[in-house]
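Engineer: What follows is each chain in one-letter form.
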Amino acid sequence: MDINKKYTPHSWPDHPETATMEGKNKFVGFWLLLAAESVTFASLFATYLALKDKGPSGMEFTAAGLFELPLVFAMTMILLTSSLTSVYAMYHMKNHNFKSMQAWLAVTVLLGATFLGLEIYEFNHYVHLGFGYTNSAFSSAFYTLVGTHGAHVLFGLGWFIALMVRNAKRGLNTYNAPKFFLVSLYWHFIDVVWVFIFTVVYLMGVIG
Amino acid sequence: MAHDVHEHVRTKEEYEYVRRQRAQEMRHMLTSFAMMIFLTLIAFTAVAAGFSTYLIVPIILLLAAIQVVLQLYHFMHLSNKGSGTIAFFMFSGMFVAFIVILTFVTIIWW
Amino acid sequence: MSSNAQKSGFGATIWDYMTSVDHKKIAILYLMSGGLFFLIGGIEAMMIRIQLMKAGNDFLSAGTYNEVLTMHGTTMIFLAAMPLLLGFMNAIMPLQIGARDVAFPFLNSLGFWLFFFGGVFLNLSWFLGGAPDAGWTNYASLALASESHGIDFYSLGLTISGFGTLISGINFLVTIINMRAPGMTYMRMPLFTWTTFVASALILLAFPPLTIAIFFMVFDRLFGSHFFDVAAGGNTIIWEHLFWIFGHPEVYILILPAFGIFSEIFAIFSRKRLFGYTALVFATILIGFYGFMVWAHHMFTVGLGPTANAIFALATMIIAVPTGVKIFNWLLTIWGGSVSFATPMLYAVGFIPSFVAGGVTGVMQAMAPLDYQLHDSYFIVAHFHYVIVGGVVLAIFAATHLYWPKMFGTMLSEKLGKVTFWLFFIGFHLTFFIQHFLGLMGMPRRVYTFGADQGWDLFNAISSAGAIFMALGVIILLVNVIMTTVKNERVGNDPWGDGRTLEWAIPSPPPFYNFAQTPLVRGLDTYWIEKMEGNKEGMIYAEPLGDIHMPNNSFIPVVMSFGLFVASFGALYHPDDLPWTVPVIVLGLLITFGSMLLRSLKDDLGFHVHKEDLIKDREGVKTDGHQ
Amino acid sequence: MINGLKKWRLFTLMAALIFFLAGCGREEISTLIPAGGVAQDQFNLLILSSVVMLFVIIVVTIVYVLAITKFRRSKLGDEFIPEQVEGSAKLEFLWTAIPIVLIIIIAIPTVYQTFDLADTRTMDVEAEDGSMTNLTVNVIAKLYWWEFEYPEQGIVTAQELVVPTDQRVYFNVVSADVKHSFWIPSIGGKIDANPENTNTFYLTFDQESSELEDGVFYGKCAELCGPSHALMDFKVKTMNSGDFDQWVTAMQEEQPAPSEELAQTGEELFGQDGLGCIACHATSGVGEGNIMAGPNLATFGDRNRVAGILEHNEENLKAWIRDPQQYKPGNQMPDVKSLNGGQDVSEQDLDALAAYLMSLSVEQ
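Residue numbers (my numbering), protein chains in the order written: chain A, 4 to 211; chain B, 190 to 299; chain C, 434 to 1060; chain D, 31 to 394.
Misleading hints may appear alongside valid ones.
Within a straight-line C-alpha distance of at most 27 Å, the following computed DSSO-like cross-link-like pairs (lysine-lysine) qualify [to be verified]:
(1) D/K105 / C/K964
(2) B/K201 / A/K29
(3) D/K100 / C/K851
(4) C/K1035 / A/K9
(5) A/K102 / A/K8
(6) C/K1035 / C/K964
(7) C/K487 / A/K8
(8) D/K367 / D/K348
Beyond 10 Å from chain D on every Cβ pair, some chain C residues (computed) [what the hints assert, rightly or not]:
(9) L462
(10) S494
(11) Y572
(12) V754
(13) I767
(14) H808
(15) F841
(16) K848
(17) M916
(18) T951
(19) D1036
These are computed hints drawn from the structure, not numbers from a lab.
Predicted model only: the values in this text are computed from it and were never measured.
Glycine residues also receive a C-beta, built at the ideal position from the N, C-alpha and C atoms.
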């Protein structure tokens, strides 16, 4: 494989992400990792559900009393939109339009960072209310589940930025196309997890 | 082995065709995105409106499930050709995930 | 590169192994470190049997005994059996499917080093204030109550090595999905490759719950969370469930590759195609599938209620069906064959009665009400040693003899091999058969001593005597390894004479690129087909001779793993209010993520082996059949 | 040669016989000598499954022995290439179907017994006169000792479970610290003592323990619970309900103060003004479980073992008080020196304490 090979939109393969053996391997391997991640998050969700509203006797905070929907709604919209913007980025990647791809990726990163900022704000707010990580079994389970998701968002942002910076000068080729594709897959997966978090943790939490 | 890309330069017609197809696919994506936003809105509204818990919980879980299918099949292209093996593993993963959650919300608590 | 390695010195060899991404060298690393941990676990086993050889013995104190039994179980499962099997998978599976390496050679190396550093970290606990002492199952209430840092060594060490295993699992899966040689359809894959495939799938889906459970344990003990803290609303049964959701598939992660190894051996040494190949494949898949639906049979006495117990009892019994199918297919493979009792075949033949015994006691324990009596008694100790020693360890010994010539180019002594087998086999039954009865006579497991008034003296003495035979067997195996390595008589491609699959068609040990030309596979047991048709080269080729692209060596996996090793020390001492712990955590994570970033920023495109060199290599190595 | 073979046969036979006899173990503790209804049911399952499994083993053994003897290469010659048989659908079906049938045979009693043994519906059923028809005992597992509370009777005891033989006894099992498991092998299978919930099950006791060589059944902790897990034993006394009622009445009564002088000194030492043992150990059987930190000693003089493990005599009792950590590492009993202001307790004081404790009895 020649890393310096230049492509035009005409010579760019239909599926650049799986055009090379390495790309194919990464593609399959990454999906397998996502399967494992599903089980990881399932374990966290299961534990959260088991420990929901459980705490020492006289515990002050319960899900119904704690969570507020407007902020969560805003976060959800932002993350869903960032999923769409990363789809746009991949659309341009497949059309071998590097500049547009980078631009859409930048939008995605921006949205992701906003989401993360809001999450940090939310956590900070709860901690100030007195709902700390070591407060109860419930608080431990909540912060660990949502925090693990947040850590995934953070890692995804770092990954996006590293790829964008590293490849800014050399443009798209079949060596880095799989990398861009994988990070966008990862981003969608993060979105999927969030769909369950807002449903199971926040919505089902508010209705008690 | 096939480490090198088998290069194929498209003719103008092929190129136009592929582009058109991609643009169309992108429009589909926009539709599914609109649906996701819509489903999310329904979920939040249902909770905000405060219907009976027994009604809401199954509905919002169903909405979440639909969203996941949209993400997997439209945004993540799980339905593409040659994705059979990975779909199998993904669904095995979800099966295990489902069993774990089912256990934790049913049999172990007193 | 690798052709120069023989000439260079000791330091260079070490460096070569530390940076190698070659699946065959990584296999040797797994074999050596897994073997080392096996010896450590074996010494711990001997200490247990010495302590229990008579009533009221005071060879070990109560606390030390608990540490020894915990480390024996943990070491044997996580640091010996699994890595040794991963070693054979690494060594053989890519050869069996006609691949030049695994899908991600870099990750392969990373997987090994994570395992290695995790294992070293866990064993350092002996020197740093005490080993874990809550059993290999590490049940939450006791683990939280344990005062020393032992449990933290357990949690952090297993987290690191668990990541390594997960990475290896994904790697093998992708390798088998994507890298099979032309013509190697799924239903033409050798059974060892099939079992590797299913075991890797189990690793993929079973390790995450363990990682999460251990993560909870780390946070509960070191960072003040309350997942298992009953007083703060936590629940210890969460640990039991998560542990066994992992733990039961783990048993199949161990036994399936063992089945694969024995399948290869039965076919080779009966000189006959595997009977019911299709049935064996489907039985393997079914066992893997059921593996996820039976974990609560480890928890019948927890008090889950009769409905849950009945469901899991029935689900567990069903597993006996595919397992029985396998046993009969193996027997029918021997039937009508031409059986040669070389050492690997001795192990395989010894495996059948041992495993059947372990299997039937397994079904007995699946009967929940009966299990109320058997659970946590010596009956269960006997049962799982019958499956793990009688299945997995015999398979590892068998594979050692079978694949030694393929991996090192020289045979282990057949004479000593047979001595090892008989000593180990007799010792094994002597040690464990009688433990069934100890359990039925009321002896609970994990007891450091027992009174003379319980009536268990004689059987315990017999059991301890058996352990000595096992130890002697292992010692003779070591002597065998050393002697034959010193002698170093080289062998040809197919030293057993009856090889059937692709790995026997290439030189022993294979060149670092495995196949100069990718083979074309025309059916099950490729090499056998070609041999029978009189093909002198042993295979036909799917491509002309050309340049081969190979990955570069890399030191980064060692550095990445070392970073986590460092960070773990910081985390471990975090609750002790020492000023350096947080900086050390940060430093370790910086090392790991920094080297990860370096890896992704620096392009590593590998190198090419040129056609002329391949031709030279081919002339240098004699490829004329066996001996 | 033939002679040797005969001897060998005889030897095997003898070995098998000894094995079988010894295999039963002691009747106080062996699951193979059931002395209760639950253990009997479980023993029957053991026999049923053993028979089924023996059938499997015999079939496998026949095929196995034939296969490895008939098809040796040494007999067939080195050049022989066997026919490469692919498999047989008929055989595959056969050895799928037969195991399924065998599994059904063992599955039916399994499911039945699972539900039967978990059936605690009659636990709270009251008899017409208002008293319980069945006995309920709350079992509280603590680090290396067991507490038995009889809520209906308002009494509590430790280390030695006393139960009637002619009725069902229900148990509520819970742990006060880490997880334990409650097991009386010859009476019935175990149930875990979890820290977060109470498990309920029942046992029946068919044999009076006075008929046993040791006078008691042995109970065990079956879940690793710390250094002295192996020593967390308890004893079970079974008696007919007449004797049992008598024992309950005696427990409910105020116990007379010791008459001997030495024992009276011991009582003082035991009390608030002495070593303060009374802070953790109650000496009256009346009360509730899980209130005192240490075992209730009201029946100490009647016990069968000191601390559940040592032979029941004053020597061992004194040795235990002097250094409990030596006999049960990691147990919660404080060092007696610390109770005595850092001084060693004198031999006379120990004698007095021992005399007092041995005088605590409800069974005279």
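Engineer: Against this structure, judge whether each hint is valid.
Structural biologist: We went through each hint and held it up to the structure:
1. D/K105 / C/K964: holds, 24 Å
2. B/K201 / A/K29: Roughly 31 Å separates the two Cα atoms, so the pair is violated.
3. D/K100 / C/K851: Between D/K100 and C/K851 the Cα gap is close to 21 Å, so the pair holds against 27 Å.
4. C/K1035 / A/K9: holds, 19 Å
5. A/K102 / A/K8: holds, 18 Å
6. C/K1035 / C/K964: violated, 46 Å
7. C/K487 / A/K8: Not OK: C/K487 and A/K8 at ~75 Å, beyond 27 Å, violated.
8. D/K367 / D/K348: holds, 13 Å
9. L462: Holds, because the least Cβ-Cβ distance between C/L462 and chain D comes to about 34 Å, which exceeds 10 Å.
10. S494: violated, 7 Å
11. Y572: Violated, because the least Cβ-Cβ distance between C/Y572 and chain D comes to about 6 Å, which does not exceed 10 Å.
12. V754: violated, 5 Å
13. I767: At roughly 4 Å from the nearest Cβ of chain D, C/I767 sits no farther out than 10 Å, so the non-interface label is violated.
14. H808: Contrary to the label, C/H808 does not stay out of reach of chain D, its closest Cβ about 7 Å off (not over 10 Å).
15. F841: holds, 26 Å
16. K848: holds, 17 Å
17. M916: holds, 27 Å
18. T951: Fine: 26 Å to the nearest Cβ keeps C/T951 off the interface.
19. D1036: holds, 49 Å
Hint compliance for this structure: hints 2, 6, 7, 10, 11, 12, 13 and 14 are not met, and every other hint is.
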